[in-house]
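Protein sequences appear in the order of chains A and B. Each residue of the first sequence is one higher than the one before, counting from 1 in the working numbering. Each residue of the second sequence is one higher than the one before, counting from 1 in the working numbering.
One or more of the hints may lead you astray.
[As the list claims (entries may be wrong)] To spell it out: a stretch of chain A is covered by chain B in this simulated footprint if at least three of its residues, at any positions, have a beta carbon under 8 Å from a beta carbon of chain B; those stretches are:
#1 100–108
#2 125–137
#3 203–216
#4 451–463
[Unchecked claim] Pairwise CB distance ranges (calculated):
#5 Leu9/B <-> Ile338/A: 33 to 43 Å
#6 Tyr77/B <-> Ser408/A: 50 to 60 Å
#7 Pro256/B <-> Ala278/A: 54 to 64 Å
#8 Leu12/B <-> Leu23/A: 50 to 60 Å
#9 Tyr249/A <-> Glu34/B: 52 to 62 Å
#10 Ser157/A <-> Leu9/B: 51 to 61 Å
#11 Asp245/B <-> Ile289/A: 35 to 45 Å
#12 Phe153/A <-> Ser76/B: 42 to 52 Å
#13 Glu34/B <-> Trp279/A: 17 to 27 Å
#14 Arg244/A <-> Ser76/B: 52 to 62 Å
It should be emphasised that the hints constitute simulated quantities derived from the structure, not laboratory data. We treat Cβ as the ideally placed atom computed from N, Cα and C, and that holds for glycine.
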Amino acid sequence: MADIPTSSSEVTRGEVEQVERALIDASTRVPVLMFYTSAIVWLLIGTLLAGLTSFKMHMPDLLSGVSFLTWGRLRPAHMNAMVYGWASMAGIGTAIWLMARLSLTTLRHPLLLVAGAGFWNLGVLVGLVAILAGQSTGHQWLEFPPYAAAILFVAYSLVVSWAILMFRFRRSGHIYITQWYLLGAFLWFPWLYGATQIMLFVVPVQGVMQAAVNWWFANNLMFLWFGAIGLGTAYYMIPKVIGRPVYSYHLAAIGFWTYALFASWTGMQRLVDGPFPAWMITASIAATILTIIPVATVGLNHHMTMRGHFQLMRYSPTLRFTVFGAFAYTVFSLVGVIISLRSMARYLQFTQASVGYSHLGLYAFFTMIMFGAMYYIVPRLVGREWRYASLIKLHFWSSAYGVGLMVSMLLIGGLVQGRDMNNSALSFTESTQSILPYLRSRSLSGMLLTVSHFIFAFHFGMMLFGLGRTATVPTFLNPHVEDVKTTV
Amino acid sequence: MKGLTALFLGILGTFAFSWVGLTMIPNAQIGNLEPQMDEDGNDPYPAPKSGMADRGRQVYVGNGCIYCHSQQVRPSYGGSDIDRKWGERRSAPRDYLFERPALLGKMRMGPDLSNIGKRAPVDDENAPPPASTDSTAAAPAPPAPGAGTAPPATANPETPATASGAAPPSPAAGSASPAPVVAAQTAPAVATPSGPAISGEPLQYSAEWHHRHLYDPRSMTLDSTMPAYRFLYEKRKIGGQASTDALKLDDHKAPPEGYEIVPTYDAKCLVAYLMSLDQSHALNEVKSNTPVSPQAPGTAVK
């Protein structure tokens, strides 16, 4: 920080840093808002697709006459809109901002990012239209036809080359924990996506290996892309909001490396008893069990950082969403361990429980952390504070209850479905009938989430159009109490 | 900077480890399989799909059938797949040799389809899908299920069982389980496989059954939750003589007088694909399940 000219003696060092941060934030404004706005538009589209998908599961005749609204096309369209439209774009937006802040440099080459966001949107749009037109590839989470994937890859290369440049020009010698995770995510994603595209479409592997590569991709996308961005964000937001350093760097390092090592080996546990060599599945089950180590260290680290400050969740929207997400990460991982055990997988493998598990990871963990990050970052980009605390609260509770209900219905329903499916004294259709009440409740939970997303989009829109509050104090969820830091 | 190099190397190294371990090594192990032949180099299995069935796979993929139907039979210790007559043996990597994409599936909101073609009535003239002969030179006699190359000895220890329990939910024919709503299925199921359809109901898993099931699932399986795929069918004015492939629908579903419902080419391909699904051929690497006696199906329930 020594090279900052502090000409005026009455300017304190703290004030300089504050101005500097504001400058960095301002430089990230256009690209980050572009990623965020696109993400939220995709979130709404994905939500509507999800609603149709969910209702059609227990009302199969709903709109079944229209080819592009048939259930089997809506479902992958929903998943891909959420995975590539919402989650990835929200994640990249957050990662850009964090990278700029932690590298202590104003954002260079914003055009790279703007072009990246444009191409990314184009890729998602082309891919979704292709899926609805019936041109899905049939590989889960990779349904976009190769030409759409190519557009995404171009977009991604623009973003990642920017990120590496940014990191190269960083002014702080120290590399913070968040940067480990972000660098990891930025390097893992292109390898993962590129290698999978090649192994499935360019030089396709034979037969069942396609399914293995597909699961390897899906699990690593969850852990090494979304998981890494989500955990990195939590490592930034929690200490920042409560205003104290991370409890232990040492724990953080153990957590990061064991995560990279073990989480990347998971995936095949979803193929239990399938037509594969048993060692692959066993290796992934073992790796899944070993992920308890990073989960415990990360959880412990966050918990010890938060200790004595949990009451701040009453006030700070960011903290509330982030801590919810960080806790959900622990639950997600433990559920992942339980359902990967052979004795459980036997019942849960082909049931709705796996859908519940995906929502636990992508929504309860990742999406909630992204919401938290947006509540923190957006005011710093638009120079206004969130207008209504009540809307934020409504957003939080409908999201929290919505995803809680959804996940519990799908996990319990999955158990019931699996039990009936494995009981060959019952006709098969009884297993699909027995899950119907749970699917109806899931539709209900989906309605809660729909409400939550539209509220958030409305609130975000207000911020975007300069309708936020002009105030120096952030918007607190509850009346301000003196011991709350202004960094909320 | 030392820390930075270690960070980069670690990030790339851990991932390379997983990439090699979970995709490269398995690929070396099971990624280069050949069709299995008997000692004389005859009877290759599996064979690539015919043109229509191959196109049907794209229809299957494009309409997301995979999100409800799996195509893998687990071994008897790993679930009730074999008890449910979804297959006589577990699936093996070799079964998927020519599948692209391999549609193993991860959800069963509908039954497993690994052997749905095999479970079709034996002498349905649409049943044996023409396996392509041109692509494998060493395939003098592509197996045509039920058509002669497969002698009854290999194909049929199961036949009595399939005949009596052909309903997919196979509710343990003899057992006194309450199994309520299978009326729609039991009617065709009790018919002998070779006999004609009773009272206009198509035999289960025959081509006609598939078409009517796709057009109106609940007319064939009462409590099915499958959506209808009517966009794969055309309503056409009958000019002169009615088409032979027109769907024979119940009165209240039938088109108005002078019109008929006929499958599009895509629908025909899809049905050809479904009828080509057959993993019943014995594989050396897989122990076939000992055939259960027809009197006691489903006794192995855990």
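- Query: Has the hinted range 42 to 52 Å been met by the Cβ atoms of Phe153/A and Ser76/B?
  - Reply: holds, 44 Å
- Query: For the segment 100–108 of chain A, do at least 3 residues have a Cβ located nearer than 8 Å to some Cβ of chain B?
  - Reply: Our answer is that it is violated, as 0 residues pass the Cβ test (under 8 Å) against chain B, missing three.
- Query: Is it true that Pro256/B and Ala278/A lie within 54 to 64 Å of each other by Cβ?
  - Reply: holds, 58 Å
- Message: Assuming the hint says 33 to 43 Å, is it satisfied by the Cβ distance from Leu9/B to Ile338/A or not?
- Response: holds, 34 Å
- Item | Assessment of proposed distance window 51 to 61 Å (beta carbons of Ser157/A, Leu9/B) | 22 Å Cβ-Cβ, so the 51 to 61 Å window is violated.
- Item | Leu23/A and Leu12/B - C-beta distance against the hinted 50 to 60 Å | violated, 33 Å
- Item | Distance restraint hint 50 to 60 Å, applied to the beta-carbon atoms of Tyr77/B and Ser408/A | Given about 30 Å between the Cβ atoms, the range is violated.
- Message: Count the residues of the segment 451–463 of chain A whose Cβ falls closer than 8 Å to any Cβ of chain B, and tell me whether that reaches three.
- Response: With 0 residues closer than 8 Å to chain B, the segment 451–463 of chain A misses the three-residue bar; violated.
- Task: Using the beta carbons of Glu34/B and Trp279/A, state whether their distance is inside 17 to 27 Å or not.
- Result: holds, 22 Å
- Return holds or violated for the Cβ distance of Asp245/B and Ile289/A against the range 35 to 45 Å. The hinted range 35 to 45 Å is violated for Asp245/B and Ile289/A, with Cβ atoms some 54 Å apart.
- Given a hinted range of 52 to 62 Å, is it respected by the beta-carbon distance of Arg244/A and Ser76/B? holds, 57 Å
- Item | CB-CB spacing for Glu34/B and Tyr249/A relative to the 52 to 62 Å hint | Since the Cβ atoms of Tyr249/A and Glu34/B sit about 54 Å apart, the hinted range of 52 to 62 Å holds.
Going through the hint list in order, the structure does not satisfy hints 1, 4, 6, 8, 10, 11.
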